[in-house]
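Let the sequences and hints guide you as you build the complete structure.
Heads up, the sequence shown is in this note's numbering, so the first residue is 2 and it goes up one at a time.
Some clues are possibly wrong.
Unchecked claim - Okay, derived cross-link-like pairs now, DSS-like style, lysine-lysine, Cα gap no bigger than 27 angstroms in a straight line:
(1) K12 x K36
(2) K37 x K100
(3) K12 x K100
Claimed, not checked - Label pairs and their calculated CB-CB ranges:
(4) G64 x G11: 11 to 21 angstroms
(5) A18 x N53: 16 to 26 angstroms
(6) S66 x E3: 18 to 28 angstroms
(7) N53 x G101: 26 to 36 angstroms
Hints in this document: simulated from the structure, not taken from any laboratory.
For glycine and all other residues, C-beta sits at the position ideal for the given N, C-alpha and C.
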Amino acid sequence: MEEFLDSLSGKQAQKVAWVLQLIEELDTIPVQYFKKLTNTDALWEVRAQAGNDIFRLLGFMDGDSSIVLTHGFQKKTQKTPNKEIQLAEARKRDYLNRKGKS
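See below:
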């Protein structure tokens with residue numbers, strides 16, 4: 002995540018940070034910013050747009066109130082690329098294995 006955030010311009014990083022703050026503070030988060038991905042291993046997608054640039058951060062819930070973000074990317078197609086979903090699922094499995102869960 003750090004590498005992804007470092008690759009963004011100042012305005013892009015501000016927008017992503019703003020969306021993450023919304024997710025943290027609001028009880029009900031608009032689907033335009035945060036939604037569960039269908040046909041995945043319980044992955045969630047954080048959505049941010051800065052001008053014409055669309056960014057997605059994938060992650061999963063750890064407990065009731067924590068989101069673990071696996072990585073981010075610039076979205077260029079309508080559908081979330083399968084390789085991004087597979088990467089997020091692999092990182093989720095790795096995280097849970099290291100945490101002692103299965």
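Margin query: Hint compliance check: list the failing hint numbers for this structure, sorted ascending.
Written below: Numbers 3, 4 and 7, in rising order.
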